[in-house]
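Chains as they are written, first to last, in the numbering used here: chain A, 1 to 406; chain B, 1 to 163; chain C, 1 to 166.
Honestly, the hints are just simulated from the structure, not real lab data. Treat the hints loosely; a few may be bogus.
Listed next, the in silico EDC-like pairs over lysine to aspartate or glutamate satisfying Cα-Cα at most 20 Å (straight line) [unchecked claim]:
hint: 1; chain 1: B; residue 1: Lys85; chain 2: A; residue 2: Asp248
hint: 2; chain 1: B; residue 1: Lys85; chain 2: A; residue 2: Glu225
hint: 3; chain 1: A; residue 1: Lys224; chain 2: A; residue 2: Glu383
hint: 4; chain 1: C; residue 1: Lys112; chain 2: A; residue 2: Glu66
hint: 5; chain 1: C; residue 1: Lys112; chain 2: B; residue 2: Asp149
hint: 6; chain 1: A; residue 1: Lys357; chain 2: B; residue 2: Asp30
hint: 7; chain 1: A; residue 1: Lys357; chain 2: B; residue 2: Asp56
hint: 8; chain 1: A; residue 1: Lys224; chain 2: B; residue 2: Glu142
hint: 9; chain 1: A; residue 1: Lys326; chain 2: A; residue 2: Asp292
hint: 10; chain 1: A; residue 1: Lys207; chain 2: A; residue 2: Glu266
hint: 11; chain 1: A; residue 1: Lys247; chain 2: B; residue 2: Asp56
hint: 12; chain 1: B; residue 1: Lys85; chain 2: A; residue 2: Asp303
hint: 13; chain 1: A; residue 1: Lys357; chain 2: B; residue 2: Asp27
hint: 14; chain 1: A; residue 1: Lys247; chain 2: B; residue 2: Glu83
hint: 15; chain 1: B; residue 1: Lys84; chain 2: A; residue 2: Asp303
hint: 16; chain 1: A; residue 1: Lys357; chain 2: B; residue 2: Glu83
hint: 17; chain 1: A; residue 1: Lys49; chain 2: A; residue 2: Glu62
hint: 18; chain 1: C; residue 1: Lys112; chain 2: B; residue 2: Glu142
hint: 19; chain 1: A; residue 1: Lys247; chain 2: B; residue 2: Asp149
hint: 20; chain 1: B; residue 1: Lys152; chain 2: A; residue 2: Glu383
hint: 21; chain 1: A; residue 1: Lys224; chain 2: B; residue 2: Glu69
hint: 22; chain 1: A; residue 1: Lys357; chain 2: B; residue 2: Glu70
hint: 23; chain 1: B; residue 1: Lys84; chain 2: B; residue 2: Glu69
hint: 24; chain 1: C; residue 1: Lys149; chain 2: C; residue 2: Asp160
hint: 25; chain 1: A; residue 1: Lys98; chain 2: A; residue 2: Glu249
hint: 26; chain 1: B; residue 1: Lys84; chain 2: A; residue 2: Glu266
hint: 27; chain 1: A; residue 1: Lys185; chain 2: A; residue 2: Glu225
hint: 28; chain 1: B; residue 1: Lys148; chain 2: B; residue 2: Glu70
hint: 29; chain 1: A; residue 1: Lys224; chain 2: B; residue 2: Asp27
hint: 30; chain 1: C; residue 1: Lys86; chain 2: B; residue 2: Glu139
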Amino acid sequence: MAEIEAYQREAGTLDMQAEPMILNIGPSHPATHATLRLIAELDGETILKLTPEFGYLHRCFEKESENATWTQVIPYTDRLNYVSSLMNNVGYAMAVEKLCGVEVTERCQYIRVLICELSRIIDHMVCIGTNMVDIGALTNFWYFWKPREEVYRHLIEPLTGIRLTTAYTRIGGLMWDLPDGWVEKCRDICRDVIVPAIADVNALLTKNRIFIERTMGVGAIDPKEAIARGFTGPCLRAAGVPLDLRKDETYLVYDRFDFDVPIGEEGDTCDRYMVRMEEMRQSLRIIDQALDQLPEGPVNVDDPRFILPAKKDVYETIEGLMNHFKHVMDGVQVPAGEVYSATEAANGELGYYIVSKGGGGPYKIKVRPPCFPLFQGMPHLCEGGMIADLIAVLGSVNIIAGELDR
Amino acid sequence: MTDKQPSVVLAKLIERFGDDIVATHSDFGDDTARVNRERIVEICTFLRDDPDLLFDFAMDLTGVDYLGEEPRFEVVYHLYSLEKKHRVRIKARVPEEDPVIDSVIPVWVGMDWFEREAYDMYGILFRDHPNLKRILMYEAFEGHPLRKDYPKARRQPTVGVEE
Amino acid sequence: MGLIENRFSKNIITTTYDAVFNWARRSSLWPMQFGLACCAIEMMSTLDPRYDMSRFGAEVFRGSPRQADMMIVAGTVTEKMAPVVKRLYDQMADPKWVLAMGSCAMCGGPYKTYAVTQGVDRIIPVDVYIPGCPPIPEQIIDSIVLIQKMIDSGGSRARDRWPIKI
């Protein structure tokens, strides 16, 4: 910042080079997960000015969705935040259902809560794991990758058919119901794999002197600044602002569960890490309660305007065949209007603003990515600090380029 | 839609700004107000500072292209209040020949990049924006891709890749 | 080889230069860390203890292109990123191999739009294409084995057939 430069000039401690050095970090760099670019003006090791640049993964989600039907957009949504794709699917389905005025069944809501919380856990694991790789603590990456692998293999793949990009929700329900034995397997994995992994990483990091020195006080932000910049999610809660959409604007069946929302104090990297660890434990609580309360019943709404007919009807009756044909060719017919629907994704508020002019496809979909304001706030978090702190902060803010660039 | 009282937010807006609030509705549970683009900064400042409203979070800013309607573009703001826990959507139309609207960065600092993106994708210009450059596309790109008359699969020559 | 065969004790092997160098190259392929999008997550999963890529000598992901000899393009290449990919490819030292991982790197994937390069082979030569969206880790390991076979057999690399005029 200009003040630092002026002060150092006065004190006579400005580096011999009269001009700051410009360092280009990215877009291909081990610490910029995927394709981010930061241009730092340095005075020695201190950052005077930071300019973030992105757009290297702009895949035109919005333009694609304008040429697709409502259901065809769902595979594009799970490539937004590809680390927790189920949450994006749920957010989109909820937005379209708000526009249609459809109320999904209770079992569907419970299953959506389950998959959202599992996705939140695996997203936080990626964030903390890769953040620690950048700081130099590689073991935690492996400790967290094993539960991720177990969740992929035993929970997400049997449920949706694919590990990463799921496309599981549909408008009015889900692709299909939970397979047999999924509930027991989920309990087993939560108890036997995820809980020990969190405990292991906790034992390695939380009281570790090197970790504390490296992350405490680094990249701090105060609550007013965080609110003005539009921060949401764990980064905002680490700064001390108690905003969590699961409690404040409760959606699905979150009001039936008993869980806490961890709030930090300083808003620095250490707080962000602690908030994420605690959120994982709270998500495990929610999963336990949801599995206990899971009701029986259908997962899809009983409405032929939204749900594909049963295969038996498609093959044996002409009405079923026509219904199926209309669904696939024209898409679900959604009334005209506009709606904004927000959910608490792993990184903050994931909002979908949908404009519809009636018909089978959207007129416009805008995704409000949670990491957009976070990346915008990077200069505020890092200017005045050192270049090594930039790497620690970048990892803790959890920028997923798929979501940032759309 | 059941007939209910207009919400507090919309009532206060209409009371304070009268004719500058062109239209309001609360379809699907979202309070929406379409406003005159000349007074957007005043309206946003009022929304942020009024003690009954307190919209301190600027959640989203985007543009919409209504090709065929006049005025063509619409700038949409989504706001949220931390204390009162309510939301509002403010919309302002800008015509195609003069797609300029005041920047709301003085009200909420976090709107900076959202406005750059609206410029990049739609060509909407924001008066007094400190750094109105392309943000998602590369600098040499021509055109504004999310406009309805820009074809989805148009290729432009790749810059910077030589043998 | 006929003169010296069987004239020395059993712990001396005779071979050709090519065979030795090829064996060395294919047993320690060092990939360049070039994960762009969702496929990068699956590439990271290939490193984890279940699908262990270090069995094939390829677990040392280098950040710098000067130290790598295999580039796994994992994810979508956009028009803005294309010059960066080309520059990094040029900076890698010979011999080098390229894996186009995933549908986006092969042919643009589900994105047929203004900002996505329809396949990374429009800018750099590709040796092995891995289909999938994203491909599962077993496919990635299969393709590394395929590259190892290509190296062993000494066949021409894609670079020698490049550029292909379309």
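Hint compliance check: list the failing hint numbers for this structure, sorted ascending. Violated: hints 7, 8, 9, 12, 15, 16, 17, 19, 20, 21, 23, 26, 27, 29.
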